[in-house]
Structures are given as structure tokens and as C-alpha cells.
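Enquirer: Given the structure of chain H, go ahead and fit chain V onto it with the hints provided.
Quick mapping for you: the protein sequence lines, in order, are chains H and V. Residues in the first sequence are numbered from 1 upward in steps of one, following the working numbering. Residues in the second sequence are numbered from 1 upward in steps of one, following the working numbering.
Hints listed in this document are in silico derivations from the structure and should not be mistaken for laboratory results. These numbers were taken from a predicted model, which means no experiment stands behind them. Careful: at least some of the hints might be erroneous.
Stated by the list, open to error - With a straight-line cut-off of 25 Å between C-alpha atoms, the simulated DMTMM-like cross-links for lysine to aspartate or glutamate are: (1) V:K121 <-> H:E155; (2) V:K329 <-> V:D243; (3) V:K138 <-> V:E54; (4) V:K67 <-> H:D56; (5) H:K38 <-> V:E23; (6) V:K490 <-> V:E526; (7) H:K143 <-> H:D203; (8) V:K67 <-> H:E155; (9) H:K43 <-> V:E23; (10) V:K67 <-> V:D21; (11) H:K38 <-> V:D21.
Claimed, not checked - With beta-carbon atoms standing in for the labels, derived distance ranges: (12) H:I128 <-> V:E23: 54 to 62 Å; (13) V:N75 <-> H:Y100: 28 to 36 Å; (14) V:P65 <-> H:Y100: 16 to 24 Å; (15) V:N193 <-> H:D56: 52 to 60 Å; (16) H:Y100 <-> V:N219: 50 to 58 Å; (17) V:V27 <-> H:I209: 32 to 40 Å; (18) V:N75 <-> H:I209: 48 to 56 Å; (19) V:P65 <-> H:I209: 50 to 58 Å; (20) H:T139 <-> V:P65: 54 to 62 Å; (21) V:E23 <-> H:L131: 40 to 48 Å; (22) V:L68 <-> H:D56: 24 to 32 Å; (23) V:V27 <-> H:A119: 50 to 58 Å; (24) H:I209 <-> V:N58: 49 to 57 Å.
Glycine is no exception: its CB is placed at the ideal position from the N, C-alpha and C atoms.
The lines below spell out each chain.
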Amino acid sequence: MIRTYLVIAALMAVTEVDAQRYWQRVDIALNFGYATFKMTDLKQMQEEQLSYMPVDAKITNSFPGYLNYSIDAVFYDSTYFVGVLLGHTSTGGRVNTTDYSGSITYDQLVTMNYNGLVAAKKIANTKIGNLFIGTNLMTYFNKAKFEYSEIILGESTTSSYTLESFNVALGPFLQLHKRIRKIFLKASAGYEFHIPMELTTGDPNSVYISPASGETFKVQADGLRLSIGVGYALYTRRPKE
Amino acid sequence: MKPISVIVPLFLFLSCNYEPDGEFFVVRPRPDGTGMSIELTDASDTLFVYGNAEIRFNAIVQNKPVKLVRTYLNNEQFGIHYLTSGSVFLYTLGRNNGCYSLRIEIITSSGTGSLADVREKEELKVERTYVLCIDNSKPDPVEITSIRRSDGTLELVWERYPKPNFQKYKILKYCYNQGYHQFETHWIKEITNRQTTTLHDSTFIGGKVKYFLSVIAANQESDGVEKEFDDPYDIDVTSESVDNANIKLTWRRPAYYKNFTSYLVSFAYGSGDDRSFTVTNINDTTLTIPHEIIFAQTKSALVQAYPVRIDNYHPDFVYDYSEDIQLGKNFPWYIADEYKNEGVYNQQLGKYFALQYGPGPTLTLELIRINPVTNEVEQAYEIPYGSQFLLSDNGQYLYVTHGDNFTRLNPLNFSIIQTYDVSVHCGTNSGYNWISSIAGNNRLALSNGHGSFVLDMNNFSLIQQWPLELKTIQISATGTFVVRGNDILKWNSTQYVAAGTLGSARQRIFIQNDAKVLIDKVNKVEVVNLSTMAIERTITLDGIQNLRYDPVSGLIGGISDYPRRFYLYSLTDNEKIKDFPVAGAIVLMNNSLVTPGHILPLSYYYP
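This is chain H alone, in the form it adopts within the complex (with noise of 0.2 Å):
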């Protein structure tokens, strides 16, 4: 993470210094928004557990769509931009069996830290404003905590481990930028295509195997990004007539 901050902190530094020569405006945007996660493996692990319970037990949460956080810094030119972003996201899953005496609850948490550069072309000016398309290109940084706890009759167990991986991941979107002085609005829809790497332990050579299955996971992200955003334009400079 304090090499993420690093980098944004290095393409401020340049924003601000080299900007003001080149581009034409130099904005910085905050977005919210919406993921979607495909967690194929993930969710093999779950029916894994859920094979293992010694009740009958169910899967309540599989990975749904979550937030999805990002700040972005761009340089635009007069048809196209480019930037730098960093964001965040998350999800997860449950298998849960619950009676009377107590619970058994196997839960999974994955985060998803990314950062990477963007670049977008205009393709129209409407009157709600300019239509971009573009593409991401990100680098993921994913944590998956597993949690295993049993509650029975009031005695609780819990166990826990944490696995790490990262993914490259291309999410292709459409932007809409409406700009009202220097504040501006946009929204964007896309999806982003991962190729994950396995998840390991922590040691980047350490890959973790299934003790039950003989398996290995991945943190398959791919899905749909969707966010609005506002942003505030840090340098504006008037074309040259």
C-alpha cells in the first residue's frame, strides 16, 4: 500500500510540474461505484466446505457485487486523456449452518487493492457532455481471508488464515464527462478482464495447495465496473488561438 501511495504521490508531483506546460487541463476525480467478481475458484472452495460440514449447512453469501472505490488523476489533451488510478474493492462468501446449540460459519473475505493508467478517446460531444471510450490498465493486489468458526453451546473456536495474490486485469469502459467550471461529473460502465495469478501464502513462491482437493486458487475478478465520479480540475489552460 505505502508503494501505491508512493507512485500517486510521484504522478502528482509530475502533475503539477509538467502539466501546466503540455496539457490542456489536469483533473483529479473521485469515483464510487459498483463491481461484479466471477471468484470461480473462491466458490469452489465454498462447496468444498460446505461438503465438509458435519450438518447440513448452506451457502448465504457467494461473492455478490460490491463497491468500488478509485481515484484517478488525468492529463487531457483535446480528444483523448490519459492518467493514473488507484482503487479498491471488495467481496465475499459464507457457508453457515445454525441451530439451536450454536453455529458453524465459514467465511471468506477478499480484498482487491489496484492501482494502473488509463487512457480514453472522445468520441462525441453531447449536450450532457463528452462521451469517452477507453481502457484500464491495472495491476490487483488481492488478500483472501478464510475463516473458519464453530460457536457451540456458547464455547466459540475460531481459526483464520489470509492468502495473497495479484492479478493484471484490462477493463475496456465508456465514460461520460459533464464539466461545470472546474468541477466536472462523469460516469463510466465497463468490465475488466483478469488473468489472476495463484494464490499464495504470502511468499510469492509459496503457493497455496487445498489440503483436501490437492488444488490451487485464483482470485478470478473479472465483472463489471460500474461508478460515478466527480472531479476537479487542478490546471486549465485555454487553447492556443
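Expert: This is chain V only, laid out in the frame that chain H set:
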């Protein structure tokens, strides 16, 4: 620059993560111990034990899995178990006799199928407390109160053992061996019901019996008590002849009719008859069977009355032998064997004469006269051991010979008429008996290794002698003839002169008042007419011994070797006229078959 540096970390910091939620609640029944209970198998509230006691229990757990069973004696755990139905062992020998608190505790799973149940953290407990009394004391004996006949069986009654540490009554039955006159172990029975104090012994049919009773309790045996009982059962077997071939046996019915299983009728060992007959009707106390007896064999019928048998090897039974079953009648046990039978029947006197051993421990000899009607000894006259007797065919002259001494007796009362020492005329025979014969005219023919002599005993004079010649001499019934060696001589009013040759023979028998003589040549008999000295008939013999001519029946008889048969010959036939199996040294006398101990009219076999 500053606002951005603040906003970015703040944004990331405030970003909230997904939190899995939701539960899958399953409704399951709560633990319920209704219907669960513990029962002792062998007692309802108080358990009496001893030794290494097995405490058996049964837990009703409504199909709930039993985790463990714990047992406590006065709150001290002594057993643990993992079965619903089973037992725990309590070693009581280290504990004092007395009563204790016995608690049985059973822990089961709840059986609800809940998470707690599955994780074996949910249990149900059932417990029950009993009284357990330990008694390891040695049992006292119990008395046999009665042994009696009851409703056709034998009833044995004893006192009830009073204490709960009872294990069993042990009863030994001793049956009485009639043959050895002693008690023998018959069976051992163990009764494990303390309340049972009566035994109906179906293995007793009568006679003597003895029972031994002891109590086994707390793994120890009490002293025993013994009681004897006698209820005589005299089977009293009798036999009677039905006809020539069959006999009828009769015996008595037992009083223990419920115990009765069968009568076994057989014959005594040594009877040579291994037939047996089983009668299963208690009221059938007669049996008519072929006797299969040959003369002079005897048999004794054996009747055994059996109660219920415990096995084929140890029956208790009562038996009795019949009197000897035989053909004919009893006859004195005179001295004879198959090669020599000196018993004679004198037709003129109508009496049998023979020798028998005298009574008493010392070996003595008696001359006996036997009544042919009663077959009893009319008179016995002791004579020196080794003596022989001579009786003339006309019954007038009876002599007892012993060495050189000849004593003439009155045949009708055995009074001594006169005693003679023949050595006066013939020299001594050194204490040995002479080969002698007496004729109806009181002439005595004698011979030994030194010669042969004829004496007239009327005046005790020597009539004729052939000294220094080793030829035996035999005088005929009337005294008219003597046979010397192979020659026959005839009295010519002054001396015996040669009348012919008869050849060698086993014996010569003068018959029909010296009208004829039978020359026994072992394999044949020549009938010689003494008037003509011609052989009238030759009768083929069948290898027989003791050839005897019976003047009463006019038949000749003798016995063969084994298998022994009796052969009858007639003076008018060249071959046997009849033969039949016999047993013993039988001779034909007085139209009867006679052997020591037995007599049978010849008519049984012939004609």
C-alpha cells in the same frame, strides 16, 4: 498539493469492505430424555452378589447412542462400560459382607442431530440407585427331609436354602448294585433354582438308593448330607414249560410305574443264549418264548426292570434270575464224564446206582442208589476214595472194590454182607483196583498185569486162572461166558473153554441174558449171537463215546465229540435211527437220557 495528499489516504482509509453475513438456521428438536431408563436384569431393587459378581443391566435409551455406563458402589466408581445392555463385574471378596448403595449411571448422546450433538457436547444422563448386598459366607448344609414313593415315582424333598447367595443344589444319586452289593454313583444333578426343593427321580425303579445333597453358594460348597432309602422290588422271575419248545416267564410289576420304561428279558451269562426281548408295557409281566435248550443244558432267564435311563451305560435297574430252565428233571450229580460213565440202571431192582463225591471239605466217595421215580438219592454209602462198584445185571450181587478188597453189599440197603481179599487167590494188585466184572451167578472175573482169574464168590474159591498172561477178562451177565483178550470162552460145567474169537474191541456188552454180545469196535458194533457165534448185524457208528445198551428201551446210544450230538441205534437197523444235539456226558439208561444233574425221558426226542 496538500488537499490531494489528505484526500487520497482518507479515501482509501474510509473505504469499507464487504462483510459476509446471513445464516442458515435449521430447526432441530431439543434434547429429550423421556422414556430413558435403567433396569437391572436380575433384580428389581436389591441385588445379592458374591465372588466376582456380574451385574447385568439393560438401559432403555430410546435409540440414543450410549457413550458410557458408570457404576458406583457407595459413590466409589468401580466399573465403566460402553454398551447399552451388558454387565459390569464387581470383585466382592475384598469387601465386607453387607449391603451397599449401587448407582448405575448412563450417559448418552442427545440424539437430536444438532451441532452440539454432532460435536458430542450435548449429553443425556440417566441414573438409578439400587441396594447391593454382598454375602461371601460359606453355605450351611440343608437337610433331606423325605424320600418316599409318591404316585408311581420317587420323591426327594429337602429344605430350602435360606440365603440369596445361593448358586445351586448338588444332588448325587447312588444306585445299588445287586451283584456287588454296594452303592455306585449313578448321576449328579445340579438345580439352580433355590425355590426348587423337590426332585422326582425317574431313574429309580425299586430297591436301595442313596442321595447326597450339598449346596453351592458364594462359590463354596456346603458339607453334604446323605440319606438312604430302601423300597425292595422282588421281580421274582418264574418259568414254566408251555410245550416241548416254549417256556413262559412270569415276573412282578414294579411299584414305580411312572418311572418304568421297559423290561429286558435275556438269559444269564453262560447260558449260551444271547437273545433278548424288550417289553415296554408295564402290565405285560409274562413272556412266552422258545426256550432253545438242548439236553442237558440249563439256562437262567434274566429279567431286568428299567426306569428312565440317563444314558446307555449307567442304568439303575432291578433284576432277578429265574431258577434254572432245563429239559427234564434234576438228577443227582453223580460222577461221570463223556468218556467214562459208571452210573447204571438195574432193571431188576428198578434203581440207579452210581458214585458221587461226599459232602464236606475232605474228598470222599459215596455209593448212591437213586429212585427212578423221584430221581432222588435213596441212600448214600461212603466208600474208600478210589473205590469202584460192580453190580450184576440181575441185581443180586453188588460189590465195592478197592484194591484187593471186595465188599459185598446188600443193594437195597447197602448193608455189608461180606468182605473179601482176592489177593488170597490172585496175589496182590499192590493197592490198585482190579479190572473186574460180576455175573448173575456171583462169579467174579478179575485181571491185572499178572494174569486173569475167575472166582466163585459164593464160596470164595478160585474157579479158573490164566496166570502170567496179560489179557483182560470180562464175565458175561449170567456167567456162562468170559471174554479173554480177543477170545470168548464158554463154561462147560467144569471150566471155561474156547468158544470162538470176537476180535479186538473197545468193549463187549452182553445183552438179553447172554443171548447176544455187542462188540464195540469204535466205528461199528457187531451183534454176535452167542448160540451160533455168528455176527447177526453190523451197526455203523458215528464216532461216538460212552456207547451204552439200554435193556429197557432195547436201544443203543452214545455221544459224539463236539459239536456234541446223541446218536440212537436199534438192534434192527444198521444205521443210526436218530440223532440230536446234546450237551454233557449223556448216557441212555432206563429209556432216559441221563447225565450228572439231569434226566430226560428219551421220548422227548424219540420216537
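Enquirer: Taking 25 Å as the top limit, are the C-alpha atoms of K38 of chain H and D21 of chain V close enough?
Expert: 19 Å, holds
Enquirer: Between the beta carbons of L68 of chain V and D56 of chain H, is the distance compatible with 24 to 32 Å?
Expert: 28 Å, holds
Enquirer: Is it true that the CA of K67 of chain V sits at most 25 Å from the CA of D56 of chain H?
Expert: Judged against 25 Å, a Cα distance of about 24 Å means the pair holds.
Enquirer: K38 of chain H and E23 of chain V: Cα distance at most 25 Å?
Expert: Given pair K38 of chain H, E23 of chain V holds - Cα atoms ~23 Å apart, limit 25 Å.
Enquirer: V27 of chain V and A119 of chain H, beta-carbon distance inside 50 to 58 Å?
Expert: Since the Cβ atoms of V27 of chain V and A119 of chain H sit about 57 Å apart, the hinted range of 50 to 58 Å holds.
Enquirer: Between K67 of chain V and E155 of chain H, does the CA-CA distance stay at or below 25 Å?
Expert: Within the cut-off at roughly 21 Å; holds.
Enquirer: Assuming the hint says 49 to 57 Å, is it satisfied by the Cβ distance from I209 of chain H to N58 of chain V or not?
Expert: 52 Å, holds
Enquirer: Taking the beta carbons of Y100 of chain H and N219 of chain V, is their distance inside 50 to 58 Å?
Expert: At 53 Å between Cβs, range holds.
Enquirer: Measuring from beta carbon to beta carbon, are N75 of chain V and I209 of chain H in 48 to 56 Å?
Expert: 55 Å, holds
Enquirer: Holds or violated: K43 of chain H with E23 of chain V, Cα cutoff 25 Å?
Expert: 17 Å, holds
Enquirer: Confirm or reject the claim that N75 of chain V and Y100 of chain H have a C-beta distance inside 28 to 36 Å.
Expert: Holds - the Cβ-Cβ distance for N75 of chain V and Y100 of chain H, about 34 Å, lies within 28 to 36 Å.
Enquirer: Between P65 of chain V and I209 of chain H, is the Cβ distance one that fits in 50 to 58 Å?
Expert: 37 Å, violated
Of the numbered hints stated above, those contradicted by the structure are hints 10, 12, 19, listed in ascending order.
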